[in-house]
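Engineer: For reference, the chains in residue letters:
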Amino acid sequence: MAITRPAPTGEDSHEPTTCAPEGEERVTGKAAERAPGTASERERASEIDGSVAIRGAAEVGEAAEVGRREARSPLVLTMLLLLLVLLQGPIRGALSAPVMQSWMTVFVAVLVQALPFLVLGVLLSAAIAVFVPPSFFARALPSRPALAVPVAGMAGAILPGCECASVPVAGALVRRGVTPAAALAFLLSAPAINPIVLTATAVAFPRNPEMVLARFVASLLVACAMGWLWHRLGRTDWLRPPERPHHEGDTKGAAFWGSVRHDVMHAGGFLVVGAMAAATLKAVAPASWLRTAADNPLVAILALAILAVLLSICSEADAFVAASLTQFSLTAKLAFLVVGPMIDLKLFAMQAGTFGRGFALRFAPATFVAAILGAVLTAAVLL
Amino acid sequence: MNRQAQAAVLFLTGAALLHAGFTDLYLRYVKAGLQPLLLLSGAVLIATSLATAWYEWRGRRATAAAAGGEGAGHVHREPRISWLLVLPLLALILVAPPALGSYSAMRTGTALQQPYGYNALPAEDPLPLTVVDYATRAVYDHGRHLTGHRIKVTGFVALDRTGAPYLVRMALNCCAADAQPVKIALTGKIPPVLQPDKWLEVTGTYTAKETRDPVNNGPIPYLRVTSATPVPVPKDPYDESWNN
Numbered sequence: 412m413a414i415t416r417p418a419p420t421g422e423d424s425h426e427p428t429t430c431a432p433e434g435e436e437r438v439t440g441k442a443a444e445r446a447p448g449t450a451s452e453r454e455r456a457s458e459i460d461g462s463v464a465i466r467g468a469a470e471v472g473e474a475a476e477v478g479r480r481e482a483r484s485p486l487v488l489t490m491l492l493l494l495l496v497l498l499q500g501p502i503r504g505a506l507s508a509p510v511m512q513s514w515m516t517v518f519v520a521v522l523v524q525a526l527p528f529l530v531l532g533v534l535l536s537a538a539i540a541v542f543v544p545p546s547f548f549a550r551a552l553p554s555r556p557a558l559a560v561p562v563a564g565m566a567g568a569i570l571p572g573c574e575c576a577s578v579p580v581a582g583a584l585v586r587r588g589v590t591p592a593a594a595l596a597f598l599l600s601a602p603a604i605n606p607i608v609l610t611a612t613a614v615a616f617p618r619n620p621e622m623v624l625a626r627f628v629a630s631l632l633v634a635c636a637m638g639w640l641w642h643r644l645g646r647t648d649w650l651r652p653p654e655r656p657h658h659e660g661d662t663k664g665a666a667f668w669g670s671v672r673h674d675v676m677h678a679g680g681f682l683v684v685g686a687m688a689a690a691t692l693k694a695v696a697p698a699s700w701l702r703t704a705a706d707n708p709l710v711a712i713l714a715l716a717i718l719a720v721l722l723s724i725c726s727e728a729d730a731f732v733a734a735s736l737t738q739f740s741l742t743a744k745l746a747f748l749v750v751g752p753m754i755d756l757k758l759f760a761m762q763a764g765t766f767g768r769g770f771a772l773r774f775a776p777a778t779f780v781a782a783i784l785g786a787v788l789t790a791a792v793l794l
Numbered sequence: 074m075n076r077q078a079q080a081a082v083l084f085l086t087g088a089a090l091l092h093a094g095f096t097d098l099y100l101r102y103v104k105a106g107l108q109p110l111l112l113l114s115g116a117v118l119i120a121t122s123l124a125t126a127w128y129e130w131r132g133r134r135a136t137a138a139a140a141g142g143e144g145a146g147h148v149h150r151e152p153r154i155s156w157l158l159v160l161p162l163l164a165l166i167l168v169a170p171p172a173l174g175s176y177s178a179m180r181t182g183t184a185l186q187q188p189y190g191y192n193a194l195p196a197e198d199p200l201p202l203t204v205v206d207y208a209t210r211a212v213y214d215h216g217r218h219l220t221g222h223r224i225k226v227t228g229f230v231a232l233d234r235t236g237a238p239y240l241v242r243m244a245l246n247c248c249a250a251d252a253q254p255v256k257i258a259l260t261g262k263i264p265p266v267l268q269p270d271k272w273l274e275v276t277g278t279y280t281a282k283e284t285r286d287p288v289n290n291g292p293i294p295y296l297r298v299t300s301a302t303p304v305p306v307p308k309d310p311y312d313e314s315w316n317n
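Order-wise, the sequence lines are chains A and B.
This note's numbering puts the first sequence at residues 412 to 794.
This note's numbering puts the second sequence at residues 74 to 317.
Possibly wrong hints are sitting among the right ones.
[What the hints assert, rightly or not] Partial chain B-side listing against chain A, Cβ under 7 angstroms, derived:
#, residue
1, Asn75
2, Ser114
3, Ile154
4, Leu160
5, Leu173
6, Ala250
7, Ala258
[Claimed, not checked] Simulated pairs of lysine to any residue, SDA-like, Cα-Cα distance not exceeding 25 angstroms:
#, chain 1, residue 1, chain 2, residue 2
8, B, Lys262, B, Thr220
9, B, Lys271, A, Pro501
10, B, Lys271, A, Arg503
11, B, Lys282, A, Val562
Hints were generated in silico from the structure; no laboratory data involved.
Computed from a predicted model, the values in this text were never measured in an experiment.
Glycine residues also receive a C-beta, built at the ideal position from the N, C-alpha and C atoms.
From just these sequences and the hints, can you work out the full model?
Structural biologist: Printed below as a string of structure tokens:
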């Protein structure tokens with residue numbers, strides 16, 4: 412049995428990094444061959460037993476060491492807060508430069524705007540993880556992954572929110588045994604095709620109602636294409652299964668709040684990274700670069716696609732920003748609207764946190780290319 | 074980060090969101106419509122922190138009662154990246170950065186858009202208009218309904234490289250990350266000393282003079298100033314008319 416093997420503890424995980432989520436064997440045959448089925452047995456065993464005894468001796472030592480170090484974190488937090496309150500004056504002085512102020516405002520704004528949606532997504536994801544039995548998804552989704560992908564993609568239309576909400580929900584879906592290909596299609600389509608975002612698009616483009624249709628079609632197309640691509644080429648070992656929060660209490664309440672806490676702390680940390688990147692771009696990069704890019708139609712499409720990645724704007728607001736980029740073609744604007752909700756800096760950081768760095772490094776560039784191609788194709792037909 | 078520290082960070086973040094939501098602080102960062110969601114998420118974060126603390130306390134008691142080992146298996150470690158959540162907390166509580174001002178405004182091109190209709194103007198004198206409203210009517214309606222009126226506009230001052238003054242309002246769709254400036258150039262009786270980011274209520278008349286924004290070549294109308302008085306920063310520093 413694999414349970415006696417000392418589990419490697421990755422830098423940012425407290426779970427073994429190679430175990431497959433439950434139900435994976437059922438949905439992807441390839442996965443069952445490669446990842447040993449004992450992985451999920453081990454998880455079940457450790458859940459039942461819940462003690463240190465079944466872990467390797469090496470890990471116990473490491474865990475105790477980590478425990479000693481981690482026990483200090485409230486103290487570290489208190490010292491940090493005290494120090495910063497004492498140094499308020501000098502810090503304020505250093506931060507009063509216009510660049511820093513603008514940076515901080517955008518940084519705080521991205522977080523204040525995204526946190527409510529993150530919390531919404533986290534609540535939904537915790538509810539899925541604790542209250543919805545895995546059998547529900549087995550019934551609701553077609554058993555053939557190739558069919559489950561478009562169904563999950565369409566299901567994205569019912570999650571009213573921006574992209575921050577969809578990452579934890581997709582994580583919970585994978586954890587609940589939904590085939591990753593379908594969960595990824597949902598992850599990509601949900602932020603772009605829900606009614607709120609489509610309404611915002613209609614309001615932002617009063618003269619081009621076809622933009623709404625083009626955005627819907629292109630986003631769904633790319634989401635399904637990525638789902639099928641993952642089904643064909645994806646390998647389970649690229650995908651670190653979302654960490655299962657420890658349910659040391661058996662009650663559903665404990666499991667629910669544990670999941671909420673875990674997801675907020677985890678995804679929130681990555682959200683901060685993304686917000687810092689977006690704020691840096693907004694405060695430092697000169698907007699006049701865009702003017703030169705708009706002159707060449709091909710460069711324009713690429714420029715707006717890259718801009719969508721760098722700006723990391725909430726998908727409910729990106730249509731207004733796209734509409735304001737008046738010097739660009741409709742095709743370039745569509746590329747901006749399709750790429751933005753699927754992949755941007757904060758999403759990349761959050762995906763890396765939820766599904767693992769190896770996954771994000773492969774998935775993000777593929778999504779980027781697919782989104783541009785999807786947007787250009789749709790624009791050629793519809794715009 | 075262990076669970077106690079996590080509970081503390083969650084509680085402080087929730088409290089900061091509630092504080093921002095109940096005061097007008099949140100209007101510096103996001104649109105007014107987000108307030109209910111903001112308060113709700115603040116409350117959820119505080120509830121999560123209390124639940125975390127409670128289950129942690131109960132878990133500890135259970136471990137103590139079981140008296141088996143000293144609980145080395147109970148390392149509730151979150152990745153170190155969670156510590157980053159302290160940053161926005163500090164920024165919001167200690168610094169509370171101001172709404173975007175002249176620095177961002179002069180780096181971004183004016184975001185004037187052609188409207189699909191004009192509301193009827195109120196019969197007041199002087200006529201109160203927003204920066205966006207004045208600029209739109211001046212540029213796309215060629216000031217047809219503006220001539221012969223005294224106009225009152227409120228915005229903050231921004232100076233370009235040559236020192237020419239503009240009256241600016243940032244227009245916002247969702248949060249400050251997507252805020253874009255709409256600019257009016259000032260001419261006529263301009264106050265002798267103008268400081269960037271100071272809010273002014275300017276009274277003036279329409280003039281057909283127009284210039285181009287060097288950043289994106291967008292149109293910037295002029296306003297002939299007759300008087301200008303400093304005013305405090307308005308409750309909502311952004312123009313949210315595009316949301317409706």
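Engineer: Identify every previously stated hint that the structure contradicts and give their numbers, smallest first.
Structural biologist: Of the numbered hints given earlier, those the structure breaks are 7 and 11, listed in rising order.
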